[in-house]
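Novice: For the protein sequence lines, the chains are C and F, in the order given. Once you know that position 99 of the first sequence is 99 in my numbering, the rest is easy, because the numbers rise by one and skip nothing. Once you know that position 553 of the second sequence is 553 in my numbering, the rest is easy, because the numbers rise by one and skip nothing.
Worth flagging that the hints you see were computed from the coordinates, not collected in a lab. For clarity, every value in this text was computed on a predicted model and none was experimentally measured. Just to be clear, a hint being listed does not mean it is correct.
To be verified - Sample of chain F residues at the chain C side, in silico, Cβ under 8 Å:
(1) S543
(2) K554
(3) P831
(4) G835
Said to hold, decoys possible - Covered by chain C, according to a simulated footprint, are these stretches of chain F (three or more residues, beta-carbon under 8 Å):
(5) 169-182
(6) 239-252
(7) 286-294
(8) 556-565
Even for Gly, the Cβ is constructed at its ideal location relative to N, Cα and C.
The chain contents come next:
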Amino acid sequence: MTLTELAGVRSHVVGRVEDVPPGEGRAFVAGGVQVAVFRLRDGSLHATQAACPHAGGPLADGQTDVDVLVCPLHLYAYRWSDGASTSGAAPIRTYPVRDVDGDLVVEIPASVG
Amino acid sequence: MGAPPEVVSPGTVLGGRPAGLETLHLADDDTDARARLVVVGNGMAGARLVEEVLERDGGEQVRITVFGDEPHGNYNRIMLSPVLAGESHEDDIVLNSHDWYADNGVTLRAGVRVERIDTAAKQVHGDDGSITPYDHLVLATGSYSFVPPMAGVHREDGGLLPGVFGFRTIDETRAMLEAAGRCRKAVVLGGGLLGLEAARALQGHGLRVDLVHAMPWLMNVQLDAEAGAILKRSVEALGITVHCDVLATEVLGSGHVEGVVLKDGRRLDCDLLVVAAGVRPSTDLAVRSGLEVERGIVVDDQLRTDDPDVYAIGECAQHRGQVYGLVAPAWEHATVLADVLTGTDPDAAYHGSRTATKLKVAGVDVATMGITAPERDEDEFLVISEPRRGVHLSVVIRDDRLVGATLLGDTRKVAYLTQAFDRGSPLPEERIRLLVDLSDGKAEVGVADMPGDSQVCNCNGVTKQTLCDTVKDGCTSVGAVMDRTRAGKGCGSCKSLVQQIVEWAADGDVTEDESASWYVPGVPLAKPELMAAIRERDLRSVSAVFAALAPGGKEDAKSKMGLTSLLRMMWGDDFADERDGRFINDRVHANIQRDGTFSVVPQIKGGVTTPAQLRRIADVAEKYEVPMVKITGGQRIDLLGVRKEDLPAVWDDLGMPSGYAYGKSFRTVKTCVGSDFCRFGLGDSTALGVALETRFQGIESPAKLKLGVVGCPRNCAEAYVKDVGVVAVGNGRWEVYVGGAAGASVRKGDLLATVGSLEEVLTVVGRFIQYYRENANWLERTYDFVPRVGLQRLQHVLLEDGEGIVADLDAGIQRSIDAYTDPWGQDGGRPATPGQFRPSLPLVDLPKVPVR
Ligand code: SRM
Ligand SMILES: Cc1cc2nc3c(=O)[nH]c(=O)nc-3n(C[C@H](O)[C@H](O)[C@H](O)COP(=O)(O)OP(=O)(O)OC[C@H]3O[C@@H](n4cnc5c(N)ncnc54)[C@H](O)[C@@H]3O)c2cc1C
Ligand code: SF4
Ligand code: FES
Chain C
1 MTLTELAGVR
11 SHVVGRVEDV
21 PPGEGRAFVA
31 GGVQVAVFRL
41 RDGSLHATQA
51 ACPHAGGPLA
61 DGQTDVDVLV
71 CPLHLYAYRW
81 SDGASTSGAA
91 PIRTYPVRDV
101 DGDLVVEIPA
111 SVG
Chain F
1 MGAPPEVVSP
11 GTVLGGRPAG
21 LETLHLADDD
31 TDARARLVVV
41 GNGMAGARLV
51 EEVLERDGGE
61 QVRITVFGDE
71 PHGNYNRIML
81 SPVLAGESHE
91 DDIVLNSHDW
101 YADNGVTLRA
111 GVRVERIDTA
121 AKQVHGDDGS
131 ITPYDHLVLA
141 TGSYSFVPPM
151 AGVHREDGGL
161 LPGVFGFRTI
171 DETRAMLEAA
181 GRCRKAVVLG
191 GGLLGLEAAR
201 ALQGHGLRVD
211 LVHAMPWLMN
221 VQLDAEAGAI
231 LKRSVEALGI
241 TVHCDVLATE
251 VLGSGHVEGV
261 VLKDGRRLDC
271 DLLVVAAGVR
281 PSTDLAVRSG
291 LEVERGIVVD
301 DQLRTDDPDV
311 YAIGECAQHR
321 GQVYGLVAPA
331 WEHATVLADV
341 LTGTDPDAAY
351 HGSRTATKLK
361 VAGVDVATMG
371 ITAPERDEDE
381 FLVISEPRRG
391 VHLSVVIRDD
401 RLVGATLLGD
411 TRKVAYLTQA
421 FDRGSPLPEE
431 RIRLLVDLSD
441 GKAEVGVADM
451 PGDSQVCNCN
461 GVTKQTLCDT
471 VKDGCTSVGA
481 VMDRTRAGKG
491 CGSCKSLVQQ
501 IVEWAADGDV
511 TEDESASWYV
521 PGVPLAKPEL
531 MAAIRERDLR
541 SVSAVFAALA
551 PGGKEDAKSK
561 MGLTSLLRMM
571 WGDDFADERD
581 GRFINDRVHA
591 NIQRDGTFSV
601 VPQIKGGVTT
611 PAQLRRIADV
621 AEKYEVPMVK
631 ITGGQRIDLL
641 GVRKEDLPAV
651 WDDLGMPSGY
661 AYGKSFRTVK
671 TCVGSDFCRF
681 GLGDSTALGV
691 ALETRFQGIE
701 SPAKLKLGVV
711 GCPRNCAEAY
721 VKDVGVVAVG
731 NGRWEVYVGG
741 AAGASVRKGD
751 LLATVGSLEE
761 VLTVVGRFIQ
771 YYRENANWLE
781 RTYDFVPRVG
791 LQRLQHVLLE
801 DGEGIVADLD
811 AGIQRSIDAY
821 TDPWGQDGGR
831 PATPGQFRPS
841 LPLVDLPKVP
851 VR
């Protein structure tokens, strides 16, 4: 599903925008890497690593608002802006994600995976 | 697939501003006639000094520059222990943010280390090449973690071997938290306060922990041998292995720590090593700059070093031969020095601090003062030791004066003893009264009896009188009093006492802290006002509530679940459901497990099942390879570890409705066998239990509702300790208890009513449940709700219709009962949202094995 490869970054089409319901997240595999993609209520898209760095919780099952993602297991919150945790845990990795004609395109650096 | 990703986490700045680290103030030019005060060290002493100077209006006379080699704002270092334990958010320990410095006209040079002081030119040199002149210079450089000499602990470049951490800064704490997620086994070196706290925190994160202490007993500085031994038992009871009286001599591992070798030859494997073997004052800057340094930077009673314009405070200072390792002396230094520098009291002097400490170490209360053991022949020594309870109390008396006390595991007498110790006040003839109250069963001395000048907050030196005066001045909420006096803002161990005193002083007239009364954190309204606003504006969805009632219309993830529950209760079928407003459990009608799978608990009303049901459950368990089938404490059967994608098929095959074991809702009714079989049964508890569960199944509520019905007061199904418990008492009569609990709290329910028929039980219980739904706070269980509202009030409202709302309550609960649908039947066939049951941790495709 690779679209382009530019400066060590690969773009992957992982699904359609409508696969992710508003405010929720869904998990995909992008070029061998697990990612969780979120569509917020303000329409913005975000992608993060799929497993929580705290204890491996499924981040796609978390709850969201415009600032943070809350992991369902122990409710640690992570900021969309930089992936940092608001509670002192390790940060999560975020990936660029775009809507290209209704396709969800996630960019994964070649060094990952 | 390449190498693992380089984690480029820039490290968030705690209490920082997005704009950057520097807070520069424009007044720094030559026309400014104010004296220049430069503070080196933005820790607990340095920042407090700045606050104290500003409070004395020092901003008029001095312009302040603070250097801190940590990039953060100022934070409460003491609270790193709860942060490491995952009990506090790091955002909650910020004392002064970068903005605070800017707002107060203080220049903060965060992330800049001062390398050298030119005392002749009166300038400090930063590691960024900057040169800053001063008129007064204050060193508040604190301490650093001491790393005992061990082979292999350092890398070649002098840094610590990866996997080895000190425990002093937020950055180290973050790094340990991050490591705790990956590591399995930790060794902690040091059995003092920090080591014990680190061990407990890591153990709480699921690591196996060995604690190695070089001295013969734990906390040897504060405790005697016997108390140390008791503390060891308490710590071991937490599951931590303690090795005393042995040194670690070598750290193993080349790229990353793999273990430590002890002096006796034993090897302890670990993938995380915490070095908490004491601290040393940070004096290198002072030494390099030619100031007099012994153990710490030597200062006089005005905290002045041997250079008249240079001062030192906090843990880096040595006063009359003493170096302190606690925050209270550091803050006393700051107060005295602020008096001196601002001229508020040019003669202010510091005479040393009491060594009384009150701590909570690894969950155990410890208080010590003075000496720990008798030193002279005529010293009296009284010890009460209860190793089984983890309690050890001792006092040393000399010439009828208290000269030392050690309290472990029970610190109720600390206020009284501290006072006797401080003032040398007369002691009771019966010495044992120093340690226990013999008069009656009530051991605790009420706050009313505490003398006004007894110290409540040791960290900030706040007395009971100060708290009372603050209340009298008009501060009537606990939070406001704490803000004003700073009580409880250090280690926090006195918070509950502060609360009691404030409540006592306000004579029941305490105002709740505003946000404490909000129904959810993201909408600043208490439940009644929130419900009124929702009704008035006809808000039917969670996003509509945020848009209309939240500050800036902003949604808040942690408020969504509570709002969903409330709206569903208020609007029933007319609620506009938004799936992202639900917690994952309520999105897929099952309880999420630690590995991302789910548990399935079918409804088994009243705990009564049939062979056919059991056979179906067994078939499903086999078909879907359910890893564990378990009889629950709620008298039903749990299928644990079901894959998310299998949930609809599992429900379909079971053909049983949901037992709602995942929701904030009505859960179960436990019953006993009752009159049908039991020779003591006075009523048909099983039938009543089934009837209750049929009527109230699945109804959402502020928190879980668990019921029980028993056929006689022998109480075999534990009805006295349920949210609602019904007990048959003979002659067709039933007692209805409410507010019972036997979970994290244990409470016997209160007898709400005794009624004469099954129908009446259903009516009373329905009314209670509806009243609870409408009035309880989010997540407030009945064991808190019932005592808060009071039994009499409940009886007045529910039984005597004292507020004329009984008809509404009955109608309200009936509406919800009518709206009930089984979620498994509903979503099973057709997913409610795309990918509702898609796995959230998809298996990454493995390289394909060639197919033949
Ligand atoms: C399965 C079960 C244990 C068992 O194997 O027996 C259980 C399992 C859990 N309990 Fe429980 N509790 C179970 C009976 C109880 C009981 C006994 C009872 O219901 O009679 C209690 C004491 C009564 C009470 O509720 O107070 C109980 C008090 C708790 C508490 C403490 C609540 C409190 O405020 O005191 C929690 C934590 C919470 O709610 O925050 C909890 C939380 C949990 C959770 C939901 C933790 C979680 O959030 O994941 C566990 C879910 C495991 C799962 O996915 O199935 N569980 N739990 C029991 C299920 C009963 C059922 O059939 O529905
Ligand atoms: C985990 C933990 C738990 C604790 N628990 C308690 C407790 O329960 N009760 C209690 O009373 N105390 C406790 N303490 C001790 C308490 O935190 C200290 O006593 C207190 O922080 C001392 O304040 P300070 O300002 O002297 O030093 P610090 O708070 O360490 O501040 C010194 C600051 O100076 C900076 N600095 C050093 N050199 C330079 C330089 N050359 N240039 C620029 N900046 C520099 C450092 O980076 C640091 O930020 C605890 C400490 C820790 C680590
Ligand atoms: S007691 Fe309840 S919450 Fe605790 S581990 Fe057991 S099931 Fe989970
Ligand atoms: S696994 Fe995500 S918060 Fe614990």
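Novice: Against which earlier hints does the structure fall short, listed by number upward?
Specialist: 3, 6 and 7
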